[in-house]
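Engineer: Take a look at the letters that make up each chain.
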Amino acid sequence: MRDRTALLLGGILVVLLAAGPFLPQWAIFIVTIAFARGLVALGLMLLLRAGLVSFGQALYYCLGAYAAGALGRFLGVSDVLVEMLAGGALAAAFAFVLGFLLARYRGIFFGLLSLALSMILYGLLVKNEALGSTDGFNILASTLFGLRPAAQWVRYEVMACAAVVSLLAAFLVHRYLATPLGRLAPAIKDNEIRVEYMGASARYAVHVKYVIAAALAGIGGALAATTVGHIDPEMAYWTTSGEFIFIAILAGTGNVVAPFAGALLYGAIHTTAFDLSPNTWQMSLGLALLLLIVFLPEGIWSAVTKLGRRHARHP
Amino acid sequence: MPVILNARSLYKSFGAVVAASEVNAAIEQDSVVGLIGTNGAGKTTFINMITGYLKPDRGAIEFEGRDITRLPPRAITRMGICRSFQIPQLYSSLTVHENMMVGLGVVLRNAGLGGYFSRGAPAVPGYGVPAEEAAARILERFGLSAYRDRNAQVLPGGVRKLLDIALAMVAKPRILLLDEPTSGVSSEEKFGIMDMVLGAVRAEGATVLFVEHDMEVVSRFAQRVLAFYDGRIIADAAPEVALADPEVKRCVVGRRA
Chain G
30 MRDRTALLLG GILVVLLAAG PFLPQWAIFI VTIAFARGLV ALGLMLLLRA
80 GLVSFGQALY YCLGAYAAGA LGRFLGVSDV LVEMLAGGAL AAAFAFVLGF
130 LLARYRGIFF GLLSLALSMI LYGLLVKNEA LGSTDGFNIL ASTLFGLRPA
180 AQWVRYEVMA CAAVVSLLAA FLVHRYLATP LGRLAPAIKD NEIRVEYMGA
230 SARYAVHVKY VIAAALAGIG GALAATTVGH IDPEMAYWTT SGEFIFIAIL
280 AGTGNVVAPF AGALLYGAIH TTAFDLSPNT WQMSLGLALL LLIVFLPEGI
330 WSAVTKLGRR HARHP
Chain B
81 MPVILNARSL YKSFGAVVAA SEVNAAIEQD SVVGLIGTNG AGKTTFINMI
131 TGYLKPDRGA IEFEGRDITR LPPRAITRMG ICRSFQIPQL YSSLTVHENM
181 MVGLGVVLRN AGLGGYFSRG APAVPGYGVP AEEAAARILE RFGLSAYRDR
231 NAQVLPGGVR KLLDIALAMV AKPRILLLDE PTSGVSSEEK FGIMDMVLGA
281 VRAEGATVLF VEHDMEVVSR FAQRVLAFYD GRIIADAAPE VALADPEVKR
331 CVVGRRA
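Order-wise, the sequence lines are chains G and B.
Numbering follows this note's numbering, with no gaps: position 27 of the first sequence is 56.
Numbering follows this note's numbering, with no gaps: position 58 of the second sequence is 138.
Treat the hints as calculated values from the structure; they're not laboratory data.
Zero decoy hints are in this set.
Partial selection, computed: residues in chain B whose CB lies under 10 Å from chain G:
1) Ala155
2) Ile156
3) Glu178
4) Leu184
5) Arg189
6) Ser198
7) Ala232
8) Val250
None of these values were measured; they are calculated from a predicted model.
Positions of the beta carbon are idealized from the N, C-alpha and C atoms, including for glycine.
Kindly generate the complete structure, drawing on both the sequences and the hints.
Structural biologist: What follows is the structure, given as structure tokens:
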């Protein structure tokens, strides 16, 4: 059987790389940020499939961003790929340690504990003057393999790196979902007792998913940092985590492409709503979520699946 | 036949309720043992202690000479003691086929196969074929092929029971513990389920302990009966002997001796 998801990911990459030079700067920015948020949502999707809602993915998003920022501020490194790698690695290392605690909890306890941890980071960053306190600090302009592209190409270069890394991550997650460990997610959500009585450790499986989700959020954070050019403690604030949950619910858990589509749609709704009414944009966002939950409770990807099924019946 | 499972002087209480008191039972390999008793007599507590869900306050359980008393359920399962449940414990959002694939995936993982970097579809230990094919075989054996793509949540009661037992047998257990395999199933279906399960067990070679309230089922399928009453084993004999025992008649079967 052909792997349609792999083809789809490859197709998106080719289209973006080819179309990128012709896109306006603002569009490139929106797409790049969608990749950054989509990576976080992709990690959330892994957890959601196991029935876990993390209200604290901003912890790892912020850690990734600060890892990228610190690289430039203290070591003078501004390579996009190195920043993303460092962001992912730092987030994964933290998640590995915290995972021993979090993998023991389910439901609301898991959610609130993850929220609490992200707020601890927020509190620490706000009080830390070396890292710019509430103002944060600016990030060096991005380079790639030691080269600094011409000003008009910087955004394209970052987007290209974002696309390659994100779609590769999506492909790896897609493959992970088909492994025995990946398949355990819905089983854990449905019936953890049975999982244990089949000889598997649900706690281990959750721990692994938690670390993968954190690494993805860390990469996303580093990417957002280098794209926006500025980081501050708000990146760890609980409303940021809320945005990611919004995107993950918007997207649905049906396919690894969905989180990126969700993030792009979120960016579009956000930008449009902000443009139309800068003071009440949250209302438009809330309305969008309300409509989605009513009409597509399993996320926008369920629309794609339904269309696919209809097409299969009436080709 | 050698003893495969040995429970020695098990004692377990929940507050003032004693659920197991001086429970001794040596189970021989490849035997089919029926556990009978009224509700609260200690049958399920016995099963829960063997599978590690409950730890006895005193006493020990040995499996093939190894002490398993304090091991967690998944370690005991990995050693080859698997169970089904009185209320089927399924992955209800998944299809019957996907339920099997989860189970076979665990078997693969526990054998160190099917990891992230493994190529293709490795053969499942004990089956010699990839998981997809092994799943089809199990479904065939339990008469579940027709339900392959049905969601576990919407299956009829008897089918749910069979799927629950099939899940318990995926790992090819040495000992299979069935907690009321025919409860909630119509009387016509009862014998069918037991025939199917014991047929599969005989083909694989496993020891079976089953909790049962229907004495017809017990006398037809069990080679040996353990009768529980008030946390104790009051009779341990062949079914025709145990079911004729006056105390068993009075305390378990509910007839005057």
